[in-house]
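Knowing the structure of chain E, use the given hints to seat chain B with the ligands on it.
Number of protein chains: 2
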Amino acid sequence: MISVVILGAGNVATHLFKAFTKSDEVQVKTWYNRDIDKLKSYKNDVYITNNLALLKEADIYILAVSDDAISKLSSALPFENKFLVHTSGSVSVHTLDKKNRRGVLYPIQTLSKDAEIDFSNVPLCLETLEKTDLKTLKNLAEAIDSPYYKISTEQRLTLHLVAIFINNFTNQLYRIGHEIADAKHIDFNILKPLILETANKVQNMSPYLAQTGPAIRNDEKTIKKHLKLLENENYKEIYRLLTHSIQQTHGRKKL
Amino acid sequence: MISVVILGAGNVATHLFKAFTKSDEVQVKTWYNRDIDKLKSYKNDVYITNNLALLKEADIYILAVSDDAISKLSSALPFENKFLVHTSGSVSVHTLDKKNRRGVLYPIQTLSKDAEIDFSNVPLCLETLEKTDLKTLKNLAEAIDSPYYKISTEQRLTLHLVAIFINNFTNQLYRIGHEIADAKHIDFNILKPLILETANKVQNMSPYLAQTGPAIRNDEKTIKKHLKLLENENYKEIYRLLTHSIQQTHGRKKL
Ligand SMILES: NC(=O)c1ccc[n+]([C@@H]2O[C@H](COP(=O)([O-])OP(=O)(O)OC[C@H]3O[C@@H](n4cnc5c(N)ncnc54)[C@H](OP(=O)(O)O)[C@@H]3O)[C@@H](O)[C@H]2O)c1
Ligand SMILES: NC(=O)c1ccc[n+]([C@@H]2O[C@H](COP(=O)([O-])OP(=O)(O)OC[C@H]3O[C@@H](n4cnc5c(N)ncnc54)[C@H](OP(=O)(O)O)[C@@H]3O)[C@@H](O)[C@H]2O)c1
Numbered sequence: 001m002i003s004v005v006i007l008g009a010g011n012v013a014t015h016l017f018k019a020f021t022k023s024d025e026v027q028v029k030t031w032y033n034r035d036i037d038k039l040k041s042y043k044n045d046v047y048i049t050n051n052l053a054l055l056k057e058a059d060i061y062i063l064a065v066s067d068d069a070i071s072k073l074s075s076a077l078p079f080e081n082k083f084l085v086h087t088s089g090s091v092s093v094h095t096l097d098k099k100n101r102r103g104v105l106y107p108i109q110t111l112s113k114d115a116e117i118d119f120s121n122v123p124l125c126l127e128t129l130e131k132t133d134l135k136t137l138k139n140l141a142e143a144i145d146s147p148y149y150k151i152s153t154e155q156r157l158t159l160h161l162v163a164i165f166i167n168n169f170t171n172q173l174y175r176i177g178h179e180i181a182d183a184k185h186i187d188f189n190i191l192k193p194l195i196l197e198t199a200n201k202v203q204n205m206s207p208y209l210a211q212t213g214p215a216i217r218n219d220e221k222t223i224k225k226h227l228k229l230l231e232n233e234n235y236k237e238i239y240r241l242l243t244h245s246i247q248q249t250h251g252r253k254k255l
Numbered sequence: 001m002i003s004v005v006i007l008g009a010g011n012v013a014t015h016l017f018k019a020f021t022k023s024d025e026v027q028v029k030t031w032y033n034r035d036i037d038k039l040k041s042y043k044n045d046v047y048i049t050n051n052l053a054l055l056k057e058a059d060i061y062i063l064a065v066s067d068d069a070i071s072k073l074s075s076a077l078p079f080e081n082k083f084l085v086h087t088s089g090s091v092s093v094h095t096l097d098k099k100n101r102r103g104v105l106y107p108i109q110t111l112s113k114d115a116e117i118d119f120s121n122v123p124l125c126l127e128t129l130e131k132t133d134l135k136t137l138k139n140l141a142e143a144i145d146s147p148y149y150k151i152s153t154e155q156r157l158t159l160h161l162v163a164i165f166i167n168n169f170t171n172q173l174y175r176i177g178h179e180i181a182d183a184k185h186i187d188f189n190i191l192k193p194l195i196l197e198t199a200n201k202v203q204n205m206s207p208y209l210a211q212t213g214p215a216i217r218n219d220e221k222t223i224k225k226h227l228k229l230l231e232n233e234n235y236k237e238i239y240r241l242l243t244h245s246i247q248q249t250h251g252r253k254k255l
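Chains as they are written, first to last, in full-length UniProt numbering: chain E, 1 to 255; chain B, 1 to 255.
Since the hints were made in silico from the structure, they are not lab data. Since the structure is predicted, the reported quantities are computational estimates derived from the model, not experimental observations. There's no promise every hint is true.
Heads up, the list lumps identical chains together, so a pair's fine if it works in one copy or across two of them.
Quick list of in silico lysine to aspartate or glutamate cross-link-like pairs, EDC-like style, CA-CA up to 16 Å [unchecked claim]:
id : residue 1 : residue 2
1  : K113      : E197
2  : K113      : E237
3  : K221      : D67
4  : K236      : D24
With the rest of the complex left out, here is chain E (with noise of 0.2 Å):
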């Protein structure tokens, strides 16, 4: 049995907690937020309090609190040598506080409190400064059917950095298409398959042999019939140098 206290009631502490109180080999000592009216709806599950000197004994803190906050947490906590870890993309381990053991756990995932998720679909970047406690980590994803893999803190800022690219850009594009169909009085909905195809596309093939379309063409006719259409100039923009990476990556001749 491994157990844990979590700190923070956002979007990762929330999913965290539930997915541990699922399991049967984690237990949940104590659940803290500086605000505690956040945790009400959970007392009758768990023990919560918005006091860091009534934090239960655990063998991993859990740091789910905003990139800003981690630091200056860390340092309030009442105790000492114990093992800590944040759960950011971008901090770097040694922002915690150093006179607890000190380490990280990111999940590369996209969560929101209100939309459910399947933990086995939430790999868990794991990095501790003690070797033991890479143990307790791989233990505790594993008790929660997570992929989980060792990453240096270099590693993690890149992964950050790229799933800034497949996730927030990426949207960005449908967010973009949603706008452009609008305007047209489109359905949305007409587009949702291509959507999930696209996705599911790159899980068993590379996105570079699964890409298609006139860029790859070098189908200047239609490129230039689509600039036309665009009357957003930071989308004609976006159009341009998306086309222009396409053939880069290619070796298609540049725009």
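Just chain B with the ligands now, with coordinates in the frame of chain E:
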């Protein structure tokens, strides 16, 4: 029973042939390709030919050939007043020779010969010059369980443009992610669940509401860190432009 003749042996033609063959309500009378070798493996399932003079009579003739070949092939057909459609997103219906009744059957999906696809996930955009022909296309779509939409020429050109954003450009973002990960010896598999979840999320939530990350949070520290981490000038520019686009969409301040 709807009878069809298919012209072309590429991605679209092959998927349509398979979908029609599965349906009890569609009969493929002839499958034509200029290069008959590509059809040889189907010769026990359907009448194949490379001779336009030998096409059998059918309710619909489907030209699933390259955009540039549509005009010439439609002119070369040795009959009149039949119902002819092409399958392109970017070619006008008027490109088809006017000696026949004309229409469009544009599948908004990424189709590759070797990837299986269920036609219930292939929305069909329908356009015809004559109203009675539209009914025929609707029946055909229903016979293969495809969702279908009546779409004007202008809407279809826009849809094709949107498809470039959410398919080709999204796939290029995956590719960039793959490349950046590879350079740091990070297994791309770690990122596949995030790719899927990003696509899943917008099936039930608008991309506007689904957005997260440093751009929308206006987290300049992280944005600067990422720009420093990116070595490729083209990728830096894509990062800047899409960050800016997210901030514009969400009324955040300019970079
Ligand atoms: N969401 C994701 O998809 C995701 C994925 C991977 C990693 N992460 C990382 O996980 C961490 C948490 O993200 P999240 O999405 O769960 O954030 P969130 O939903 O915004 O929740 C942030 C939590 O941090 C607490 N907090 C903020 N400032 C604090 C302070 N000064 N002292 C104490 N507590 C403070 C908030 O407390 P109040 O409730 O009192 O405001 C809240 O409970 C971040 O490091 C993030 O980078 C997030
Ligand atoms: N693939 C997709 O995801 C997709 C999605 C929506 C719409 N479309 C549209 O569907 C159409 C077909 O696309 P595709 O992906 O199936 O193309 P494809 O796989 O490249 O196949 C093209 C077919 O056109 C034939 N062809 C080319 N030039 C010809 C000519 N001058 N005369 C006669 N036949 C000729 C080729 O014949 P040979 O075999 O003899 O070379 C081949 O059978 C295009 O209009 C495309 O824009 C494609």
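Hint-by-hint comparison with the structure:
no., hint, in the structure
1, K113 with E197, "between (26 Å within a copy, 14 Å between copies)"
2, K113 with E237, "neither (34 Å within a copy, 32 Å between copies)"
3, K221 with D67, "between (47 Å within a copy, 11 Å between copies)"
4, K236 with D24, "neither (53 Å within a copy, 45 Å between copies)"
Checked against the numbered hints above, the structure breaks hints 2, 4 and satisfies the rest.
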